[in-house]
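Protein chains: 2
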Amino acid sequence: MISYREIGKIRTPYKRKAPYQPSGEKGEFFLEIFPEYKKGLRGVESFKYIYVVFHMDQVKDYKLDAEPPWIEDVNVGVFASRSPKRPNPIGISVVKLLRVEESRIYTSSIDAINGTPLLDIKPYVKYLDSKEDANLGWAEKTEDRSHLLLHLRGIPHDY
Amino acid sequence: MISYREIGKIRTPYKRKAPYQPSGEKGEFFLEIFPEYKKGLRGVESFKYIYVVFHMDQVKDYKLDAEPPWIEDVNVGVFASRSPKRPNPIGISVVKLLRVEESRIYTSSIDAINGTPLLDIKPYVKYLDSKEDANLGWAEKTEDRSHLLLHLRGIPHDY
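First to last, the sequence lines map onto chains A and B. Quick note on our numbering: the first sequence kicks off at 4 and runs consecutively. Quick note on our numbering: the second sequence kicks off at 4 and runs consecutively.
Isolated chain A, as found in the complex:
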C-alpha cells in the first residue's frame, strides 16, 4: 500500500454532493493549507491555473465499468471516465487561481465536497499541460453534443 498525508482541506459550498465538474458556480471556493506547509506556496500566485489534487474520502467503493449518469447506453471503463468511483479515489481539477491570502488559495469552482482532504497543488504550465488538439474521446460520438458540453462544463440545465 502507498500512504499519503493530508496537507490541507478544500472549502466549497457543497455539503453532500458536488456537481460534476462545475464552472461558474456561486459561493466561495478555497484551498486551506495546513500551517506547516504554508511556506510551499511561495510563488504559486504567479500562475493563472493550478492543479488541485485531492482524496475523495466519501467514495467507498469502485466500479471498473463507468456508466456516465448523463448519457444512456454508454458503458466505458473507469479509466476512460472521470467517475469518482475509481480504484484510487484521487480527484484532479484544473482551476483558475484567483488570489492567495495567507494560507488560503481562492479559486474558481471545484467539484469537491466541503472538507475534502487536499493532497497536492501543482502549477498548470502552458506548454506542458495545455493541449489544443485534445478531444472528447468516446463522447465526441454522442448525438447530443451540446447537452454533453453542459455536463462537462458543469452548467446547470433542466433536461
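FYI, nobody ran anything at the bench for these hints, they're computed from the structure. Here the structure is a predicted model, which is why all the values come from computation and not from measurement. Careful, some of the hints might be misleading.
The list makes no distinction among identical chains, and a pair is therefore deemed to hold if it is satisfied within one copy or across any two copies.
Derived SDA-like pairs: lysine to any residue, alpha-carbon spacing no greater than 25 angstroms straight-line [stated by the list, open to error]:
#1 144 <-> 120
#2 42 <-> 92
#3 63 <-> 133
#4 63 <-> 99
#5 51 <-> 63
#6 12 <-> 143
#7 18 <-> 42
#8 29 <-> 118
#9 12 <-> 88
#10 144 <-> 103
#11 88 <-> 103
#12 134 <-> 38
#13 134 <-> 101
#14 88 <-> 130
#15 29 <-> 39
Given the structure of chain A, go ahead and fit chain B onto it with the hints provided.
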C-alpha cells in the same frame, strides 16, 4: 493517513533517473495495467491524451523550498513547482495515447523511472483540461525564456 493501491507499472527506458518532463524521447513507453483492472480500460483508446497519475517511489523526502536546477537564484515553494520532492510524491503527466494492446497503453514519453507504480489513468478532456490562456507563472520573468522552454519541453541541449 490515506492509502492507495498500485494498479500497474509504468515502463520507460529510464533506469535510474528520468529527464524532467521529456518529449520526443526515444524508446518505448507504456502503462502496464494489472489484469484485475484491465476491464477499466474500455474506451480509453478514443482519447488523444490521458493523464498518468503515479507514485514517485524513489522520492524519500520533501522540501518546501523548490530550487529549480536549471535556473539560478530562483527560489519558489514546492507547490509553485513540479519538483518531485513533494509532501506527497504524486506525479501527474499529460501524455499522448498511441495505442492500446491488451493491458498495455503505449504513450508518448513519460518522465518516470521504469517500474514506477501507477495509481490512476484519467482521460484528458478538451474543454475541461485544455486552458489556452494558461501561463508559465514565475518562469515568464526569467531572462532566458527560450532556454526555459527547452527544459519544460524536455528537449536535450548542451548549455
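Going through the hints against the structure:
| no. | hint | in the structure |
| --- | --- | --- |
| 1 | 144 <-> 120 | neither (35 angstroms within a copy, 33 angstroms between copies) |
| 2 | 42 <-> 92 | between (27 angstroms within a copy, 17 angstroms between copies) |
| 3 | 63 <-> 133 | neither (32 angstroms within a copy, 30 angstroms between copies) |
| 4 | 63 <-> 99 | neither (29 angstroms within a copy, 31 angstroms between copies) |
| 5 | 51 <-> 63 | neither (33 angstroms within a copy, 30 angstroms between copies) |
| 6 | 12 <-> 143 | neither (35 angstroms within a copy, 29 angstroms between copies) |
| 7 | 18 <-> 42 | neither (29 angstroms within a copy, 33 angstroms between copies) |
| 8 | 29 <-> 118 | within (17 angstroms within a copy, 43 angstroms between copies) |
| 9 | 12 <-> 88 | both (20 angstroms within a copy, 21 angstroms between copies) |
| 10 | 144 <-> 103 | between (40 angstroms within a copy, 20 angstroms between copies) |
| 11 | 88 <-> 103 | between (31 angstroms within a copy, 23 angstroms between copies) |
| 12 | 134 <-> 38 | neither (35 angstroms within a copy, 30 angstroms between copies) |
| 13 | 134 <-> 101 | both (22 angstroms within a copy, 15 angstroms between copies) |
| 14 | 88 <-> 130 | between (30 angstroms within a copy, 22 angstroms between copies) |
| 15 | 29 <-> 39 | neither (30 angstroms within a copy, 41 angstroms between copies) |
Hints 1, 3, 4, 5, 6, 7, 12 and 15 from the list above are not met by this structure, while the remaining hints are.
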